[in-house]
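Use these hints to put chain B with the ligands onto chain A, whose structure you have.
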Amino acid sequence: MAEFSTPTTEQQFAENFAQLKPVMNRTEALYESSRCLFCFDAPCIKACPSGIDIPQFIRQINSGNDTGAARTIYEANYFGNACGKVCPTEVLCEGACVYNLQEVKPIEIGRLQSFATTKVIKSGEKLFGPGADNGKKVAVIGAGPAGISAACELRSLGYGVDVFEAKAQPSGLTVYGVAPYKITNEETLAEMTYLQAQFGYNVHFNSAISSREELEKLEDKYDAIFLGIGLGKTNELGLPGEDKINCTGAVEFIAELRQHHHEVAVGRKVIVLGGGNTAMDAASESSRLGAENVILAYRRAKVEMGAYEFEYDLAKGVGVKGLFNVAPVEITGNGYVSGVKFIRTETKDGRVQEIAGSEFIEPCDMVIKATGQAKQTEFLSLIPGLKLDGKGRIMADAHTGQTSNPKYFASGDAWNGGAEVVNAAAEAKLTARGIHAYLSK
Amino acid sequence: MPDLSINFAGIKSPNPFWLASAPPTNSGYQVMKAFDAGWGGAVWKTLGVPVVNVSSRYGGVNYRDKRLVGFNNIELISDRPLSHNLREIEEVKKRFPNHAVIASLMVQSRQEWHDIVRASEDAGADGLELNFGCPHGMCERGMGSAVGQEPKVLQMIVEWVMEVARKPVIVKLTPNISDITEPALAARRGGADAISLINTIQSIVGVDLDRFAPYPIVDGKGTNGGYCGPAVKPIALNMVKNCAQHPDVRLPISGIGGIENWRDAVEHILLGASSVQVCTAVMHFGFGIIREMTSGLEQYMVEKGFNTINDMVGKALPNVLHWEDLNMKYKVTANINEDKCIGCQLCYTACEDGAHQAIKLNAGTRVPEIIEENCVGCNLCSLVCPVEQCITMEQTDSGTQHLTWKERTEAGDIPTKFEDEQAGGRHHWVPEPSAALGKERYKTLPGKARIISGETVAPAEA
Ligand SMILES: Cc1cc2nc3c(=O)[nH]c(=O)nc-3n(C[C@H](O)[C@H](O)[C@H](O)COP(=O)(O)OP(=O)(O)OC[C@H]3O[C@@H](n4cnc5c(N)ncnc54)[C@H](O)[C@@H]3O)c2cc1C
Ligand SMILES: Cc1cc2nc3c(=O)[nH]c(=O)nc-3n(C[C@H](O)[C@H](O)[C@H](O)COP(=O)(O)O)c2cc1C
Ligand code: SF4
Ligand code: SF4
Ligand code: SF4
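These protein sequence lines map, in sequence, to chains A and B.
Take the first sequence: its position 141, counted from the start at 1, is 141 in our numbering, and no numbers get skipped.
Just remember that our numbering sits 441 ahead of the position in the second sequence, which is counted from 1.
Extracted from the complex, chain A is given alone in its bound form (with noise of 0.2 Å):
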């Protein structure tokens, strides 16, 4: 049975999706803060991808300079707010705390990057500003953390920046993506409004860079263009009934629950066919949205998810079952989805091995695939002379982030083929440095 009843309302879905990583107040940041043993060349920067000067940042907390703590936090990363509350910190910079070691709760380094974040974003202070212009002009493909990340770095160097967003909304995954009790639109909306304050790019929503003419005009219009156009829809099964009504992706999915909140429906059984983070989210979403029953089936064992361990503890928490080395064979149901007809499998020398006669039905009334996104290859396939890896991912130079065709580079999931914010964030700020070494010469 799920334990939370459907929610009907904006306030009950905010019950439902109650923030996992709430904003401190400044007597918790105070205490926290105080625990921080400013290490020397400190474990938990080393542990986090954008690097940032944690000790530094505890430090000035403590010492009652949030503005100057916030200022560290986005000197190193512009998704800083967001990072501290969706960044998985059990395996980043908490994971590499010392504190672990003397089985000690290590120190809330993400709360605390929100904690000063927030504070500044609320009071709208200007910490930055753009750099004197230079006369050059970049355009960023995607609003996303890698393109969002870039056009302030760019912007910080004195370029003229463009971001084209198919979407309506910018932050790509972060507000169409993430789950919601780990962040809410408002938090990460405010954040974007108070960046592009700083910086003042300029963003095109509901502009998708769809054609050949359209990244021609780019082309010449602008001195370099920035690829953070992450990954696409949820990848296709190739399973008979996966057309039926009630059979969704997990990402659009997420996306619909995002934007509408208690308005989406869910089943009041829901299978969710996968095993990576995603069918985490989806399968805990689905449970917060008051389905009844809520079964994560995974073509593999337990501990060969891709998931982290906090993740599937998450949604066990809230009630999921899971379901393993079972592989779909097919979507049953007339018009509407009524069950998932499973075959079951075992792993042999790594391999998944289907067992013969094995199959079974297990009734339910939505499926929802989290088995992984598309690379929108046919899109890039549209850019002269760009190479992709055997997996769809873009090929770019790791520090300057220069893809095969000189004018073109690229950052985020695109490129790295699916991590977190984190990275994008700090990928795309050393390829606006690449896109300046390459325009500076």
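Check before you lean on any hint, since a few could be wrong.
Below, simulated DSSO-like cross-link-like pairs (lysine-lysine); rule was C-alpha separation at most 30 Å, straight line [what the hints assert, rightly or not]:
1) A/LYS21 x B/LYS507
2) B/LYS474 x B/LYS507
3) A/LYS119 x B/LYS507
4) B/LYS507 x A/LYS105
5) A/LYS391 x A/LYS407
6) A/LYS105 x B/LYS801
7) A/LYS46 x B/LYS801
8) A/LYS221 x A/LYS441
9) B/LYS507 x A/LYS122
10) A/LYS321 x A/LYS21
11) A/LYS321 x A/LYS182
12) B/LYS880 x A/LYS46
13) A/LYS46 x B/LYS781
14) A/LYS105 x B/LYS781
15) A/LYS105 x A/LYS302
Quick caveat, the hints were computed from the structure, so don't treat them as lab data.
Model, not experiment: these values are computed from the prediction.
What follows is chain B with the ligands alone, placed relative to chain A:
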């Protein structure tokens, strides 16, 4: 069960814990509540010609997440009418005949002293404490620390008091003086029965960064106040020790200053106090802390086999020597317990930047290594290490040799010239100054991210 009761210069009390003369002893209501809670005695808030106080009057020193590690006040003596205080003393004594009630007094003329001593004794006070300590407000009027800083005047006033006093007289000393034994000796010469110390230390606890005024702020202005609380214990302990060790003072001591738990009290006692007084801790946490204090003291006495408080008094004094009598042949070296080490490397930075460059880092591990030949055994690393018992100081000398500075002086074996070969520092290894350059880590510059580590950014086939 050990016996906690004391007889301090003739004042009897069921345990050595007294409330110091301060706001917690401002009224009969408070003193009765305290006795009911378990306190052994109370020194009443100082009686004298009633005064008028200002608002606000207290300032605090907070350290990180800890409040009031230091505390100060610009309060004066009791602002309540003398007759009210005396009547309440009488009432308390009726209800608690076996508890110690001591009247703290501060007046100016000989006649006033005679009158107030008689009045207090008539009200039933078990003893008198002469307040020669207030470092603010009263001293400008020629009382309090103004007296405590003038041994001759102090002695004269004690003599006035002794002319009429029938109950034991304690002289409370001010720490705002270079040698605490001078007023202590003056108290003895004047005929006092005991001394108590310390009163508060002249202080400014902080400055308001927005209003440019010292705390506590009275209508935008402030003044220096008296400092107390946990932060003053080290100063108090040293002064208690100085009085206890002085061969001519020979008076019972009531230890005051920074006592918050049984450990603090035992420290005062081991250095020579035979009763202790508490103010700030009660203002912070209330009378209830007495339960922890008595139970801790009792447990300690059981463990150490002390039957009475007297058995413990001054037990540490024989081990407090002058610097010149310490053994210079004794040597300890730092030792890191690798299993306990959490790799914070605070010991490394402390020794590297703050001491003797005797700790190094090795690639592949975050556990630092002690360079034994450079380690002077200063203790710093073990003090900064956040893990209990992780860095220990191990004795590395043979244990057979003993040589003190005094002995060396007597043997003419000490450095006497500016460039003397015998100077201790000549034999320490010190790196070349230029080796310091470029050691600080790369710091984030405004608007610049750090270099991000290769592993997290390079895609497999790129
Ligand atoms: C369900 C889910 C949950 C996640 N949860 C977390 C989490 O908890 N914590 C975490 O750190 N990370 C999480 N992630 C990963 C994280 O969201 C991504 O790594 C990050 O958003 C990548 O940033 P990006 O800018 O590369 O791509 P995106 O965020 O995908 O942004 C790409 C943007 O480009 C736009 N775009 C694409 N093509 C075009 C085009 N042709 N023209 C114009 N605009 C275009 C898109 O509309 C989008 O706004 C999650 C991802 C998913 C799918
Ligand atoms: C607000 C306040 C008022 C005090 N008033 C007196 C007083 O009237 N007479 C006195 O002898 N000492 C007075 N003291 C000093 C205390 O009795 C005591 O000596 C000092 O606070 C040190 O002890 P502590 O560290 O336990 O607070 C006062 C202290 C404080 C904090
Ligand atoms: S590892 Fe932990 S204690 Fe050390 S600096 Fe980082 S947050 Fe602070
Ligand atoms: S950005 Fe993420 S990983 Fe880095 S310090 Fe902040 S919360 Fe931790
Ligand atoms: S201070 Fe202690 S815990 Fe930290 S590195 Fe040194 S020995 Fe290890």
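Hints versus structure:
| no. | hint | verdict |
| --- | --- | --- |
| 1 | A/LYS21 x B/LYS507 | holds, 25 Å |
| 2 | B/LYS474 x B/LYS507 | holds, 27 Å |
| 3 | A/LYS119 x B/LYS507 | holds, 24 Å |
| 4 | B/LYS507 x A/LYS105 | holds, 19 Å |
| 5 | A/LYS391 x A/LYS407 | holds, 22 Å |
| 6 | A/LYS105 x B/LYS801 | holds, 28 Å |
| 7 | A/LYS46 x B/LYS801 | holds, 20 Å |
| 8 | A/LYS221 x A/LYS441 | holds, 19 Å |
| 9 | B/LYS507 x A/LYS122 | holds, 28 Å |
| 10 | A/LYS321 x A/LYS21 | holds, 24 Å |
| 11 | A/LYS321 x A/LYS182 | holds, 21 Å |
| 12 | B/LYS880 x A/LYS46 | holds, 18 Å |
| 13 | A/LYS46 x B/LYS781 | holds, 22 Å |
| 14 | A/LYS105 x B/LYS781 | holds, 16 Å |
| 15 | A/LYS105 x A/LYS302 | holds, 27 Å |
Against the hints set out earlier in the document, no violation occurs for any number.
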